[in-house]
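Undergrad: Start from the sequences and build out the full structure, keeping to the hints where you can.
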Amino acid sequence: MKEIIKLIINDEPYEVAVEPHRTLLEVLRETIDLTGTKKGCDLGSCGACTVLVDGKPILSCLTLALDAQGKKITTIEGVAKDGELDPLQRSFMEHGAIQCGFCTPGMILTSKAFLETNPHPTEEEVRKSISGNLCRCTGYKKIVEAILTTSQR
Amino acid sequence: MKKYATVGKREVNVDGFKKVLGTAKYIEDIYLPNMLHGKLFRSKLPHAKILKIDIEKAKRLPGVKAVVTADDAPKKRFYWLLSDQTVFAQEKVRYIGQPVAAVAATDLNIAEEAISLIEVEYEELPAVFSAKEAMQPGAPIIHEELKSYKTMVDGVIRYENVCTHIKIEQGDIEDGFKQADHIFENEFETQAAYVGYLEPHGVLANYEPDGKITVWANTQTPFATRWELADIFEIPMSKIRVIAPCIGGGFGGKTYMYLEPYGVLLSKISGKPVRIILDREEDIIDGRYRHPCNMKVKTGVKKDGAITARQFNLIYDAGAFACEGPGITRYGAVYCPGPYRTPNLKVDSYCVYTNKVPFSAYRGYGVPQSVFAGESQLDIIAKELGIDPLELRLKNAVKEGDLQPVLEHKMEGVAYMDTLNLVRKASNWGEKLAKNQGRGLASMIYTCGGFSSSATVKVNEDGSVILLTGATDIGQGSNTVLSQIVAEELGIELKNVFIVSADTETTPFDVGTFGDTCTHDAGNAVRLAAKDAKNQLLEHVSEMLEANVEDLIVEDGRIYVKGSPDKAKSIAEISLERHYFEGGPVVGRGTFLEKAPPQFRLVQGNTFPPSFSPSTFASQVAEVEVDPRTGKVSILNFYGAHDCGQPINIMNVEGQIEGAAAQGIGYALTEEIYFDKGKILNSDLLNYKMPTSVDIPNIVPMVPENYYPGGPFGAKGVGEPGLIPAAPAIANAIFDAVGVRITSLPITPEKILKALKAKNKEEG
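Taken in sequence, the protein lines are chains A and B. Positions 0 to 152 (numbering that gives the first Met the number 0) are the ones given, in order, by the first sequence. Positions 0 to 763 (numbering that gives the first Met the number 0) are the ones given, in order, by the second sequence.
Hints listed in this document are in silico derivations from the structure and should not be mistaken for laboratory results. Be aware that a few hints might be false.
Calculated lysine-lysine pairs in the BS3-like style (CA-CA distance at most 25 Å, straight line) [claimed, not checked]:
hint, chain 1, residue 1, chain 2, residue 2
1, B, K48, B, K177
2, A, K80, B, K295
3, B, K297, B, K267
4, B, K24, B, K51
5, A, K80, B, K345
6, B, K434, B, K561
7, B, K688, A, K127
8, A, K80, B, K24
9, B, K177, B, K434
10, A, K127, B, K631
11, A, K55, B, K302
12, B, K295, B, K177
Label-pair restraints from in silico Cβ distances [claimed, not checked]:
hint, chain 1, residue 1, chain 2, residue 2, range
13, A, Y13, B, E492, 34 to 44 Å
14, B, V693, A, H20, 50 to 60 Å
15, B, S115, A, T30, 47 to 57 Å
16, A, Y13, B, F497, 27 to 37 Å
17, B, F497, A, E122, 35 to 45 Å
18, A, K55, B, T629, 26 to 36 Å
Here the structure is a predicted model, which means the values were calculated and not measured. A virtual CB, placed ideally from N, CA and C, is assigned to each residue, including glycine.
TA: See below:
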């Protein structure tokens, strides 16, 4: 039986009808058509589904859509502002930190939230912060470089 | 060192924008109106006759629009290397996870429920789970009709459960061993390793009422997929369109036709578009990934370390179907001797059916396995003889103009020794490390071409260009590299090249992205197309400027007369004139399939790849620390020097080396798919341990200066070699650190502790 819920995503209000068991990931991708958030495992083991809820990175595949009501949700689609790339997005591009791009939305959101809490991290701290986001293409090196460069700007 | 406008630069990925914005469309982001969701019903037994399939309850579930089995599907056997597969299991199932039926429903949950309502009656058959056992007389036969299966590559030796047996003989092996001062014999074992791309397999198929079929799929080989679909469904290829959208990683695991026939069939019967996306568990249970392998190596050397003879016995566990196995068996055999002069060689390489998930292509294609054996043994030899492992390799190394060790064609653009010198320098080779720390080295030779590709370059009225290529970008950045090659050839800015790729209807043929071939094969094709377009522009403007073509320079979007830079026309002006006033639009064509040179060894009467392919080289050094209490291995530093000719995009080349090395580190230390009588025990990413950001050190990629004359702007390839020497480099480093030789992968803490215990006991 579907329930009407109100979600605030990237500063926009959405009113949608969903079954109580639907995850935030499913609702974002299939009901609201924001497909930038990716489903890599649906089990919380890869980080591809990372979104920010009230500024904190969470795994949307393990979050019920119902539980995300009344909170500020940020997806990858909400990172660039007024057509301008976020410095992290620009840095990822310039450093070659993107190959297939599937981990990229989750990586950017995780590292964006991280840099808010730790604006001048060491390399070790950066590596630890993204250790919940798997990447199979890059070997992580250029991703870490992109995040460090952004923190130094 | 030539100076280029864009080749060799750190150009930003042309798809980077949409990937950071989250607007790049992958298969699971694409949907059509009224689309249904498909799901596959899979066998729970490893080897059994199918007696009865009951789909009635599934069909009656509200929301279910189609339920199909082998009765509804094409019966033809397929797969280009060895046609042993069918769409659904016919008569019997051969592995746990094999598709037996499929469902399409309005909702994914309904499809899943329908799957649970399908009932199948089986008669269990004896099964076999190890390749060695499957080779024994009396073992259960998995493919009774093996001899009748078609193959694209003739002369394949096959019998019983051996679907491919490759034999290589060079020189006189007995004489070679007689000449040796020392002979070493060792056995090695490697595991099943999952490809682990972050995006699972998927397909969206639309079978329209007029018979036109459109398929979107994250396949590395859209054209091969179209060919196979046309063949099994018996429709002309022109009625099938296969499009590869953005792909979330492939690494070989998304090679060839896979989910597409199910999508097409369900769409045909339901009359609606059908999308099937595998969940992670399915992608592991029925994925296509690295063959386990058992290897025996016997090497004879003189006391100064010169190799006199090498003999390899390689047994690849194929799983239940051949897939890329026959090719892998061949590559593993051809590249196992390494980049060394090997006067006498004997290789027997087998691909053996077992009742497990079919294994297939994964970065390195059989060579990470056989090189793990070959390179580990070289270090064993070095230690015994008291020779530095790097010096041992230098002593035997091939150089410019030498013959390829197995294929015997003359090699050009060889920088193998440079790779050794680069890692020697970067890793401070020879300098003492702390206790329990060690350094290890491994090298490899591989290939980077040999398949066909074609391209079209359309010059727009404003001088900007559209590049059409069949080459598939699987995330490795070919869209960027191919655009760069065209920009460089035409003398225009990279941002004025727009690339359209991997659509069988609109882009010209390309065999597919695999085997490290894209930059060399597709790169040559796009360069030829750009050259053709350039020549048309030059011919046209030579009249306008009253100059000979040879006296014209193409640069920065203009063509001018040598010595008189003001006597010029912009490409835009020329193109506009061609469009509207004279000559017709400028469309450049390029087609490429390299001709094999006259001296080129055939392995069992044929070549694979079909055409000649240039050689690439690499050396890697791992620096490790082993904790003797826990057995845990930390990689402190990792150096990879890769000869890839002239890099087209140095940032992409680094990315390939770094990414492949990370996969190699996982392969060496933590990754393994566990089987229990054909059942996979760890079909999720928590229990299949791929490296995270804290597990991989700062990898140092290096590229020696080199130029390969047969490649586009001197380029070869680099996608696969990054993985190949990693595991033996790490095994050799572990030996250097704590004196234990682990001969099976992955090198787990348990294995190290066990070996340390035995070593300590031995030493009293």
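Undergrad: Starting from B:K24, check that the Cα of B:K51 is at most 25 Å away, please.
TA: violated (41 Å)
Undergrad: For B:K177 and B:K434, compute the direct alpha-carbon distance and say whether it is at most 25 Å.
TA: violated (40 Å)
Undergrad: CB of B:F497 to CB of A:E122, is that within 35 to 45 Å?
TA: Holds, since B:F497 and A:E122 (Cβ atoms, about 37 Å apart) stay within the stated range.
Undergrad: Given the proposed pairing of A:K127 with B:K631, does the C-alpha separation stay at or below 25 Å?
TA: OK: A:K127 and B:K631 at ~19 Å, within 25 Å.
Undergrad: Check the following: the C-beta atoms of B:V693 and A:H20 are separated by a distance inside 50 to 60 Å.
TA: Distance hint for B:V693, A:H20 is violated at roughly 34 Å.
Undergrad: Given the proposed pairing of A:K80 with B:K345, does the C-alpha separation stay at or below 25 Å?
TA: violated (63 Å)
Undergrad: Please test the hint of 47 to 57 Å on the beta carbon pair from B:S115 and A:T30.
TA: Check failed, 25 Å falls outside 47 to 57 Å.
Undergrad: Under the criterion that the straight-line Cα-Cα distance not exceed 25 Å, is the pair A:K80, B:K24 satisfied?
TA: holds (21 Å)
Undergrad: Holds or violated: A:K55 and B:K302, Cα atoms, limit 25 Å.
TA: violated (63 Å)
Undergrad: Hey, B:K48 versus B:K177, does the alpha-carbon distance stay inside 25 Å?
TA: Not OK: B:K48 and B:K177 at ~52 Å, beyond 25 Å, violated.
Undergrad: Straight-line Cα separation of B:K295 and B:K177 no greater than 25 Å?
TA: holds (19 Å)
Undergrad: Measure nothing beyond the straight line between the CA atoms of B:K688 and A:K127; if it is 25 Å or shorter, mark the hint as holding.
TA: Judged against 25 Å, a Cα distance of about 17 Å means the pair holds.
Against the hints set out earlier in the document, violations occur for numbers 1, 2, 3, 4, 5, 6, 9, 11, 14 and 15.
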